[in-house]
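> Here are the chains, one letter per residue:
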Amino acid sequence: MNQPTRRQVLRTGALLPAGALLGSPWIRTGRAAAWPSGASDADERVLIVVQLTGGNDGLNTVLPVEQDGWYRARPTLSSVAAGRHDLEDGWALHPAMNAMASLYHEGRLGIVQGVGYPVPDRSHFHSMAIWHTGRVTHLETDNAARQDNGWLGAAAAEWTARTGRSPAAVHVGPQAPPASLIHENRPPVALDTIANFQLPKRSSRAWQARERMLAVNEGPDALTFLRQGARDARSLSERVSAAAGSTTPEGFPANSFGRRLALTSRLIRGGLGARIYSLEVGGFDTHNDQLPLHENLLRTVSNGLAALDADLQASGWSDRVVTLVFSEFGRRVHENLSRGTDHGAAGPVFLMGAPVRGGLLGQAPDIEQLERGDLPFTTDFRSIYADLQSRWLGVQPISGVPSLRVLEG
Amino acid sequence: MDSFTPMRPTANELLDPFEPGPDGPWDRATAAHLLRRAQLGVAPDALESALAGTPAQAVERVLETSGPADPTAVRRTLTTGELHFVQADWAARLCTPSAHSLNERLALMWHGHFATSDAKVDDVRLMFGQLETLRTLGSGDFRELLGAIAVDPAMLIWLDGVENRAKAPNENLARELFELFGLGIGNYTEHDIQEAARALSGWTVRGRQARFDPRRHDAGEKRVFGKSVSDVDDVVLAVIEHPACSRWVARRLLSTFVGIAEDAALEAALGDRLVSADWRIDAVLGQLLGSRLMLSSELRRPRVASPVEYLASVGFGLGVRLKPTEAVEHLARMGQDLLRPPTVEGWKGGRTWISPSSWIARERCAAALAARWEASATERGLEGDLDAWLTALMPGQGAPSWADELRAEAQSTNMESARGEWMTLLLASPEIHLS
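So the protein lines, in turn, are chains A and B.
Heads up: the first sequence begins at 1 in my numbering, then just goes up one per residue.
Heads up: the second sequence begins at 1001 in my numbering, then just goes up one per residue.
Simulated from the structure, these hints should not be mistaken for lab results.
In this text the structure is predicted, and so the values were computed from the model without any measurement.
Here a beta-carbon is modelled for each residue, glycine too, at the ideal position from N, C-alpha and C.
Treat the hints loosely; a few may be bogus.
Per label pair, the in silico range of CB-to-CB distance [to be verified]:
no., chain 1, residue 1, chain 2, residue 2, range
1, A, A215, B, Q1411, 18 to 24 angstroms
2, A, D86, B, T1189, 52 to 58 angstroms
3, A, E211, B, E1326, 24 to 30 angstroms
4, B, R1211, A, Q369, 36 to 42 angstroms
5, B, E1326, A, G107, 34 to 40 angstroms
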């Protein structure tokens, strides 16, 4: 490493608030002097995965405004074209997504179109399980034991095994974490607010008593396991509080997605050291009266992600964080009789961040080329995973599907 | 009974009745273990009654609580469409000793076995209907229970039975009927699943009732396990008649009540007893609860308590309970969201209950319980309290080695303000989270 690249210069202390990273066990001091290279450099990279639950209607998110077939298939829903934000090549974003359109034009948003997998499964649970495991399980013919490992859980476990660091993955939200984070039945770390991730307040005498109670060595294995669990919980709770700091970043929307993104940002910047963060936005199963619901959802996602991008840029973390946004399937090309859409097949995947290849990636869908009324997939979702696994997370891709380059370089 | 004890008892010997003396003591710890496993918690009066008689009498008394309650009050809340009323009502029943404690415990076991989630079913009445089926049929003839679940409206929605029709077969329900409910992996082929799916076709849910529509049914010839089957009744019968079925049910009972995940010999022996008892769950459970395997102190396996077991042990033992809706929230944060299991496999249990997040949730729950206790506690000396609490929460077990120190600490601090804190510490101690 000779001349520092522009990215390496950005990473030096210059843009970081003084003292922001001190006290974290994972950040070395003296960073401003020289950026460590090689494996440790890669180990600072973060992947944020945002799951849009319910099956986001891709064709009303990324609009094919020059395809007549779209207007014919969606007499009601195509009204969104009126306020659209043009991208390029006849594609535009939904009116509520002005913030993400700006990201696109600044080169920090990649949109992979037509993403899916062979033999689409229109069951929420089954399709989501496919995205979570990174395996097209419904096509696996052997009567093998149920495979529960999530692709993110597997990556987290591999990284922890290699570096000894944990937690590798954190789910930020109130619901049970998605199965993508599970590895060998171990429940992933999940937190919704710092306040709820605290052990009960107690006097220092009581803390000391607790320490002594947990230092005891007698009893069955299950008891030893519980004591370790209790110790780990306190230790992690304190690390999370330390990383989150005391100030809430500004500029994030005042809704739960915005709050969770803000918390994610605090944990990243505060040096918790996790490599994967998972968030979820629900409500995308828009069978009825889709227009108002979908507009709100897309506005929430777009404004939230743009706020995150701005925050990461301002704090110098922008080239170390990639955000992936996916849904378990797209929706049918034709609108239904309830001014909504039903479960479909392929849909768009979004990637946000400085390291991302901006622009429209993959093969653009053609409304005239459908399979049983659905967009056929032209990019296998596993190819996106493969690029992120090998070139961003530094772990083994779990499928043999060749990767699609979604990252620059 | 002679004094020679074989080195390795056979499965049947383990399942035979426990005899106090030769097989171990019938003492406080043993009686408490029976009550805790059978009813989720140990009420002090139930413990005394159990000790006053024989183990067989104690088991009888437990079995007397296997009948269903009649939750009329909660039925009125169904019109709200809000699941939390049903969840709260169930949480209260699970944490309060009653004449139906074994019934509720069994319903919880079956809920984990037939794991159906409102996250997909999205209908309180249907979820409640299934819960009522589990209560009504859960301690009786398993064949009836399986038959009822196969056409339960919530189940039909959950496993896509309503999508399964002749022109477009959906295998989901057939697969789980074999894999999770009745047989276990390795006991059927993919072809069996396909044929069973065809036989299960034609069911829909209309007006919250399961209805069979012959027009949607695949009436062609179908064979499952080499037998000709026509419809759901035939498929259920084929499952029951499969040698793996009784063993699969036995596995569930052994896992739930004894804590044994997998043991071919025990499953075969208990499965045979189930068949001999005409598939009656209460009969074979009575044998299991009174067995050497269950009651011998040498064979006891402590395990991580599930969130419900934790709350119930405090509810039964100390009479301390959260407000039911709060209990439901704490249970969900601890990882056991009633009527919304995470997957078709239910809750894996054991050590998977514990993660930093869920342990923090357990300690926060302990603080909430302690606050409830404080609000209702009467004036008492703190020293006496700690021993009483330990006895109530860990009946029959010796005080942990930290008890003396904790008692000394508690005595030397300001009693009034510290009581809640010491109770929280106690309720958050790992010892209390064992079952």
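> Each hint needs a verdict: does it hold in this structure or not?
Evaluated hints:
no. : hint                                 : in the structure
1   : A:A215 / B:Q1411: 18 to 24 angstroms : holds, 21 angstroms
2   : A:D86 / B:T1189: 52 to 58 angstroms  : holds, 55 angstroms
3   : A:E211 / B:E1326: 24 to 30 angstroms : holds, 29 angstroms
4   : B:R1211 / A:Q369: 36 to 42 angstroms : holds, 39 angstroms
5   : B:E1326 / A:G107: 34 to 40 angstroms : violated, 49 angstroms
When the structure is compared with the earlier hints, a violation turns up for hint 5 alone.
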